[in-house]
Amino acid sequence: MTTTPLLEIRDLHTGFHTDEGLVRSVRGVSLTVARGETLALVGESGCGKSVTAHSVLKLIPMPPGQITSGQILWQGRDLVPLSIREMNRIRAREIAIVFQEPMTALNPVYSVGEQIAEVVRQHMGLGRRAAVDRAVEMLDMVGIPDARRRVGDYPHQFSGGMRQRVMIAMALACEPKLLIADEPTTALDVTIQAQILDMLQDMKERLGTAILLITHDMGVVAETAERAVVMYAGRVVEEGTVDRLFSAPAHPYTRGLIRSIPRLDGGQGRHKRLDTIAGSIPSQYANPPGCRFAPRCPLAQADCLAAQPPMTSPSADHHFACFHSVPEAIAP
Amino acid sequence: MTAPLLSVRDLSKSFPIQAGLFGRSKLAVHAVDRVSFDLRAGQTLGVVGESGCGKSTTGRCILRLIEPTGGSVTFDGKDVRALDGAGQQALRRDMQIIFQDPFASLNPRMTIGAIIAEAMTIHGLGRDAADRRVRVAALLDRVGLKPEHMRRYPHEFSGGQRQRVGIARALAVEPKLIICDEPVSALDVSVQAQVVNLLKDLQDDLGLAYMFIAHDLSVVENVSDRIAVMYLGRVVEIADASALYAGPQHPYTEALLSAIPVPEPGRHKVRRKLSGELPNPINPPTGCHFHSRCPIRKLPLCATERPEMKPCGQGHMVACHMRG
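Chains as they are written, first to last, in the numbering used here: chain A, 1406 to 1737; chain B, 313 to 636.
Quick caveat, the hints were computed from the structure, so don't treat them as lab data. Since the structure is predicted, the reported quantities are computational estimates derived from the model, not experimental observations. The beta carbon of each residue, even a glycine, is placed where N, CA and C say it ideally should be. Among the hints, a few may not be true.
For lysine-lysine, the following DSSO-like pairs were computed, each having C-alpha atoms within a straight-line distance of at most 27 Å [what the hints assert, rightly or not]: (1) 1609(A) / 585(B); (2) 622(B) / 1677(A); (3) 512(B) / 1677(A); (4) 488(B) / 458(B).
Across the chosen pairs, the derived CB separations fall in these ranges [unchecked claim]: (5) 486(B) / 1551(A): 40 to 48 Å; (6) 1708(A) / 402(B): 41 to 49 Å; (7) 1708(A) / 435(B): 46 to 54 Å; (8) 607(B) / 1708(A): 55 to 63 Å; (9) 353(B) / 1734(A): 36 to 44 Å; (10) 1514(A) / 442(B): 56 to 64 Å.
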């Protein structure tokens, strides 16, 4: 297929100017999101996954933040040079976002109905009454019981899980083509997390929305995404279909990440050691010439420190950046 | 059978809620509602439940960081609730705690060395400052940090390293029991595994007992001998880890287990899904607290009478009218 992807990020560099120098959070990230698919952007704290996603909507504070180079093509059109006014036509209507903390993302002094209605009036030009009806319809769709009555309630009258449903209702109210979900379930309890992930899946199927899911949880990736991009220290280290990434991961970091997930083992885990990745993530100020994972990598050799490994593609739907590793199943 | 190191019976804690104009307290939140369990020396009890289930409050009541309102706590043969100030001080040398947030639990104005040595000074350990410095260096080495780190401040460390400092501080007074209150919840997975392994190594070497508090069943599986599952202030099931994972009895335990995302694409398991949200702890459902969300409830009894713990196997107890 040669159709234009919904979103294509090309060699994105985003940094922040600080007193100690430039923090290069995103160092040349490229990825694509196709219409209607769920792409997971995975990595640990500070790997640049959120900054990448926030760059798409230009939600990073500028200054100190800056997109220093690269392109963000939305249906073929570069968003990087757009003004705030032009961006506002894209936001909510075309690309919407849900944040990790539903407590801080909602305004406490407006009812949830008013907040959803404001979005649809602003972006879809609906009248007051139609906007409220739309709010009720959305709340109902995301599984808030008795939506007609609850539309006038304030955020503090909802639990964490329900607030996240409200956030998702608001994000999807204008039927965007892409939803960026930034750790949408990280702050929630496990049973509620399961409910929200099921609901997101259901909404995706009903509305055909593509999802860029940012998460650190490989379990969530396996259950919800079709493809995944693994980031480490500002760079993409591996990309592929979820099936491939889990059945034959190639990059040593991906392999370590998958291995270190605590797995249920019928209560026998007590007597085993968890696999770990030695060391910790590198400083964001450091700019070594080689692979950023090399200091922690079991396969590292001299060449790894000298140059950044290019992307290798063992198959059309699988790419990774490592000189020495090959895709291989993880021994149980 | 030797006596358990820690024995908790009917432990309760209710927080009054200020209501009315003159602050007359009428309502109370029963954060911990008649919780009982035993923990043997050198073993780990995992305590699992979602936010607001009372797991952290239980841990703090055992240490008397929060004063319980009922029940008993026996540690090493001593009635913890009857101890006076000096007795309590001595007890806290034997019982330590590691907190969830490695950012909030270390004083940013103190060096790592001072933070760890302070605990020794309070309990009169070490001959003098020089001796304590030697001990601090050994402790840092023990938890995988470097002795020269003692002159640095908390902000210079990553989350995982700070949690190691918290562990070193707890170890400084040579305790018998450490209450680990979600020690790895705030850490990335790869670092989580490092800290869990460290805790296991320390347990093997030093014979420590842990009460390991967590909000999901995947992490505790890797550390626990026994596991207690809590819901809205009550223990609903307690069993040896192998029995609990092989055959969970309480429907809430089943739901918690099936809610864990499996890192195997395509293997979409059948979820025992819970409908609804956690009820308001101020006004919990009558009878069995879980009945409003329970997928297997059938008896009218479920809504009227609190299910008591009953045995359903070797060392396996469940509080459910439908099971056991």
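Tested hints:
1. Pair hint residue 1609(A) plus residue 585(B) holds up; C-alpha atoms about 20 Å apart against a cutoff of 27 Å.
2. As the CA atoms of residue 622(B) and residue 1677(A) are separated by approximately 31 Å, the hinted pair breaks the 27 Å bound.
3. Of the supplied pair hints, the one linking residue 512(B) and residue 1677(A) holds, its CA atoms being roughly 9 Å apart against a limit of 27 Å.
4. Between residue 488(B) and residue 458(B) the alpha-carbon distance is near 25 Å, which keeps this suggested pair within the 27 Å criterion.
5. Range check, residue 486(B) to residue 1551(A): Cβ separation about 57 Å, and the 40 to 48 Å hint is violated.
6. Distance hint check for residue 1708(A) and residue 402(B): the Cβ-Cβ separation is about 59 Å, which falls outside the suggested range of 41 to 49 Å.
7. In this structure, residue 1708(A) and residue 435(B) meet the distance hint of 46 to 54 Å, their C-beta atoms being roughly 53 Å apart.
8. Restraint check, residue 607(B) to residue 1708(A): a C-beta distance of roughly 57 Å satisfies the suggested window 55 to 63 Å.
9. Checked against the given bound of 36 to 44 Å, the beta carbons of residue 353(B) and residue 1734(A), roughly 42 Å apart, stay inside it.
10. Separation of residue 1514(A) from residue 442(B) is about 58 Å and conforms to the stated range, judged on CB atoms against 56 to 64 Å.
Checked against the numbered hints given earlier, the structure breaks hints 2, 5, 6 and satisfies all the rest.
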